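Add chains B, C and D to chain A, keeping to what the hints say.
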Amino acid sequence: MRRIPSRRSRQRRTARGIGLAVMALVLAGCSGEQTMLDPKGPFSQDPDTLFKYVLIVAAVVFVFVQGLIIFTSWRFRRKDGDNDIPEQVHGNTALEIVWTVIPLAILVAIAIPTVRQVIALAEEPDGAMVVEVIGHRWWWEYRYPDSGVITANELVIPVGTPIRLEMRAEESGAPDRGVLHSFWVPALAGKQDVIPGRVSTLNMQADEPGRYLGQCAEYCGLSHANMRNRAVALEPDDFEAWVAAQQQPSEVAAAFAGLSAADLEAEVVPDGIDQEVGRGYYLFQSANCVACHGQINAEPVASADDFVASQGPNLTHLLSRREFAGAIFDLYEREDPDDPNADFTDQVDVEQLTAWVTNAPSQKAMTPEDGVGMPSFEPGTDNTGGLAGGLPPEDIDAVIAYLLTME
Amino acid sequence: MADTATEATTDVAVTHDDHHPSAREYVQIAGALFGLTAMEFSTYFIEFGPLHIPLLLVLMGIKFMLVAGFFMHLKFDTRVFRQLMITGLVGAMTLYLAATLALHEFPAGAGLG
Amino acid sequence: MSAAVEETSMGIDNRKLGMWVFLGSEFMFFGAFITAYLLYLNTTAGGPTGEIFDIVYTSISSFVLLMSSLTMVLAHNAHVHGDMRRMRLWILATALQGLVFVGGQAYEFTKFVNEGLVPTGSPFASAFFVLTGFHGIHVTVGIILLLGLWSYTHTGKVKSDQPLKTEIIGLYWHFVDIIWVIIFVVVYLIPWG
Amino acid sequence: MATTTAPPQTRSRSLLSRPTALDGLKGYLATTDHKKIGIMYFWSVLVFFFFGGVASWVIRAQLAAAENTLVNEEVYNQAFTLHGLTMVFLVVMPLGAAFFNYLIPLQIGARDVAFPRLNAFSFWTFLFGGLFLYSSLFFQAVPNGGWFGYAPLSTQIPGDNMAFYAVGLQIVGIASLSAAVNFITTILNMRAPGMEFMRMPVFVWMSLVTNFLLLFALPIIAVALFMLNGDVVFGTQFFQPATGGDPILWQHLFWLFGHPEVYIMILPAMGIVSEVMPTFSRKPLFGYTAMVFAGVAIGFIGFGVWAHHMFTSAVGPIGRVAFGLTTMFIAVPTGIKIFNWVFTMWGGKVRFTTAMLFSVGFVSMFTIGGLSGVTHAIVPHDAQQTDTYWIVAHFHYVLFGGALFGLVSGIYYYFPKVTGKLLNETLGKWHFWTWLIGFNLTFGPMHMSGLLGQPRRTAVLPGELGPDVLLYNQLSTAGVAVLTVSALIFLFNFITSLRSGEASGDDPWDARTLEWMTPSPTPYVNFYEIPTVTARDEFWERKYAETEDGVVRPVPMGASQDHGEPVPVGDTATVEGTGNASAVPDDIAVTEDVALAKVTSDDHGGNPDAADDDHHIHMPDPSYWPLIMCAGFIPLGYGLTFAAPTLIVLGALWLMIGMFGWILEPLAEGDDDYDPDAVHA
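Heads up: the protein sequence lines correspond to chains A, B, C and D, in order.
Under this note's numbering, the first residue of the first sequence carries the number 1, and numbering increases by one thereafter.
Under this note's numbering, the first residue of the second sequence carries the number 1, and numbering increases by one thereafter.
Under this note's numbering, the first residue of the third sequence carries the number 1, and numbering increases by one thereafter.
Under this note's numbering, the first residue of the fourth sequence carries the number 1, and numbering increases by one thereafter.
It is worth saying that the hints were derived from the structure and are not from the lab.
None of these values were measured; they are calculated from a predicted model.
Here a beta-carbon is modelled for each residue, glycine too, at the ideal position from N, C-alpha and C.
Check the hints yourself; a few may be wrong.
As the list claims (entries may be wrong) - Below, in silico cross-link-like pairs of lysine-lysine (DSSO-like), each with a Cα-Cα straight-line distance of 30 Å or less:
1) D:Lys421 - A:Lys79
2) D:Lys429 - D:Lys349
3) A:Lys79 - D:Lys26
Claimed, not checked - If you want a taste of the chain D side facing chain C, the calculated C-beta under 10 Å gives, among others:
4) Ala222
5) Gly230
6) Val332
Isolated chain A (complex conformation) (with noise of 0.2 Å):
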């Protein structure tokens, strides 16, 4: 990750950010998390270097074209009190020819490497490791069909292996709805659109570790602007143990499921489990999140078979995750609260995740009404989509208690 710019380093970016004519020249120096100038994986080394080749030859016939034109206007200016008529040129074919040959051999030398790298990367690469991408309004979840594991947000992906992600749009469950979305993380690959109703894919490939911000690039309604995806790029020891914890079911649930029909009637709490947790969780249940969220995993998870289908993000292990609501809000305090790009403390924002559990739209624009988003449950406020009367503080608390287990 890179840290954020010294005072004097921003100064001097000010200073070239007032040089804009010529801003082709200064494309180099230039930083930001999400930019597209700095591939970090194959998929955007290549249309990068396409990209930058081309640029420098943009940049040559802008010179050239602004400089003749300032040149002949400065030339051909007429002085006060001049009032001879110029011959009347009316073309010139030869220069006409010149004009049209060049800019077409330019553009020939351009179409090549680019008609050939159109075809390369259209090509399924070699031993790639396929992730399920899908677009929601307005988060994304991917789902991990070798390993049956399902997240939301942060596309978690091994270092040095091509990853090709399978994307589609959904809404409500329901794969022929939703809207159309673009996935993008701009240092790994291009953007690609998921669509209702198709299936799309891209590649991408991470060749260091890192956590590469992205964000939705399709215009997806109301709140696209809070659409955003990060990805994770682990060394591939690191994400075997990754997917190897996300395997595994949440100990809470695990020990729920092991009461009978009877005691869950009761809610009874089994042993070593909290009581406030335990409320929680029967809170999780009667308040119908489980009908957005899905069940909380209490087995272990192995394959494609295992996935469940939910409106909302899979919360089994909500924790595992820095950032939740489509990664607009940091889940784990940061070291520079003022810094958006500091690195996480293991604190967690309980007081960010309490109000979006309260009241989500208050937070993040949403039509919970409409069944896009998650409802409020904050008493006196609209409900609808959601629970009646929504839910009092002490429960709302309750609940948190147990979304604090999900490791």
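Same frame as chain A, now just chains B, C and D:
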């Protein structure tokens, strides 16, 4: 709508031919159209194998040309009208065919990398 | 009329040229609907397919529309010869055939809806109704034009030496007919399934 | 603005009493005069431009800070949708139409367009369509699905927002289509004697290409909008994946129209620049033939690149290659044009009036837009660029730096033609430089914020994009402030010059083409006598001749025998300080009285039916019917938006009655004629 009076003279050769077909010829064309429609209709009952669709399209094309050429006087009128019609027709067919092909090319395996 | 024609740059009446320009663009219009229909041939969402079409019935109404082109051109022919009585007769005959066609289409639509092919049912149904429906609207506009033309021959607004007016309306009418020639084959006759 | 003369005698024989006023409000409401219609287009554009500007302020104010909460997502989404719709459909396109209206008849030597009442119909339909779209404000249903209205989102947004979009654009589209039929017919069929195709001014050529693009592109969007209207309001299934509908069909139809639309916006500006540059360089346009064919080529190729808007949505590898190549090669004709403009100046005596500055600015800025455009054709990298601010920067360099600069150049250039007064040059230069700086400050940094990963259409600037991106956004916002000041300078200049501008004389720029042969402001009849054209730059050829030793000199007064009868001498308007008045030979400047006297004595009207008591120049009479008929679109529009059959029937009947009233009314009193084309408009 009559134009405002200009003193324009003709700078494009007038090819307008006032000799339209006679009523008799129109009826003959209509007879041909009748026959063609009857043939089209018959394809509903007779199977022509792999030639079935091409045959229908050819019949359609002939009918099209008869109506456009004789009833709309394209055969006798100035070239501009023919050009307008052909531009519209060919343009529409090319563009929509290209769009259809593009639509069908995509379904799978087309990632950008 | 002729005086004005000879003054134009191309020696054509503005109105006739304008009509042709407009018809050129109409190909793009119907082309898009036909493309959508062909794209959605098989997306019937479990509803009725093209099997529902009654070819015999549609063939008859198609034939009526085709023959209306004959009466239209005969009306123009009569007008050219200054025979306003015949011209009126043929115009009425054309309008009548148009009405038969539109009436037939209305009946066909009703029948289809009763059999479960509704515009909101599937992309196939939407495309079918919108394509043929817009054609029907074009025919209806044509009928209004014809009836207008017919009534103006009585008021003196259309004179016996102005066959161009009949010709221009005729162009529109024949164009609508031509589109149906295509629709009849592409939508009804070709067994796409 | 334009003064008018000689109201025709009227004898009412229609349902309504025929309007006779040529001036005042009534004169405008009932006008069929292409010049007045052009002026009304212009004023409508100014009003819509203001609203489009307000929308852009909402966008820029929101993005001036990271994670800003100044406006909420809903308002922002409405703002960028409305901004796009307004600028494309209610500003740049109709501003082009304003110039088409005013200039095409003048430049080809005609007295009006082919169908004057259809022309009025086009304007009123456009205006009502724009007002209809904006009426969504009162229903709190401003379109919020983007100007591109991608299905299925546009069909799923709750409320009537996207119904207003579908119906509003449909109405505006009808206006443009009827105008296209009109202008094509006019250009093909109403040229003055001797005005062969290859003698037409380049603006007329570009107008012809533009209107053909409109003619063939608008039906496509009409179909798409009917389908969308059906899906949004009436429950049809065209774009509904749930029943097998294909959202990509919408994209193809939209961009089949949408890409030619780009050229529809830019070509009129290219035409204007091709008029301005030769005039102020005192040289003919360099490579006229190449310019014309490049324009036609752009028109053709412009229809073959649409899928480059969809590289990341659903285009397979073959499509990517094919559309990538066409996208690249459309740069060739564009490049030809740019070099031809520069070489028009080369070797000339370039006078930098404000109009010329804007034209040079056009060439310069458009070049930048063209270069960034080529990068989109690198398909693999387009997957990075698309839907980022890199694209926003690109198309603003094309449509603002290109189209708008060219059109503003036209405003400065033709203001004297329309009003007989000059726009203040000092203020004009202030306007130009602030405009240029503000423009580059606004859209230049967007290249950078785009490359640094800022996506389009996001209501919130994510904080995590970093301080550089924020800085570039703040620069953009500052740029809009500069542009606002610049626009105010222009408005002040425009209004004060309109009221008390310096008199321009008939030919303040020493221009080259026919329109400047008429007095300024243009009289009601345009040409007292229709000129016979013998050369490409007809007016210039009449003013100047080349001597045997190759020196070009003004033709002495009354010596232009080669070009028809010398016109009687009137009083020559001489303007101090504009430089060229002395070059205007006296025989060109004609006073109205002399000309009218001449016309009366010698009937050039050519229409045998023309009323004898008139002065034999036969002009279309004003009519209320276009206005009355167009009003029918309002109930029809709301009916289609709110699914109200009563309103739909009412609107359809209204249109039909309007049509019949129109038909019953003769084009001009004494001219018993009838107008079928209006029927299909």
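Lys421 (chain D) and Lys79 (chain A): Cα distance at most 30 Å? With a Cα-Cα distance of about 24 Å, the restraint between Lys421 (chain D) and Lys79 (chain A) holds, given a limit of 30 Å.
Min Cβ distance, Val332 (chain D) to chain C: is it shorter than 10 Å? This hint is violated: Val332 (chain D) lies away from chain C, its Cβ roughly 26 Å from the closest one there, beyond 10 Å.
For a C-alpha distance cap of 30 Å, please report whether Lys79 (chain A) and Lys26 (chain D) respect it. Outside the cut-off at roughly 48 Å; violated.
Take the C-alpha atoms of Lys429 (chain D) and Lys349 (chain D), compute the straight-line distance between them, and say whether it is at most 30 Å. Holds, because 19 Å separates the two Cα atoms, which is no more than 30 Å.
So, Ala222 (chain D) near chain C? Judge it on the closest CB pair being under 10 Å. Given a least distance of 6 Å, the restraint on Ala222 (chain D) holds.
For the hint on Gly230 (chain D), does the least C-beta distance to chain C fall short of 10 Å? Given a least distance of 7 Å, the restraint on Gly230 (chain D) holds.
The structure fails to meet hints 3, 6 from the earlier list, while all remaining hints are met.
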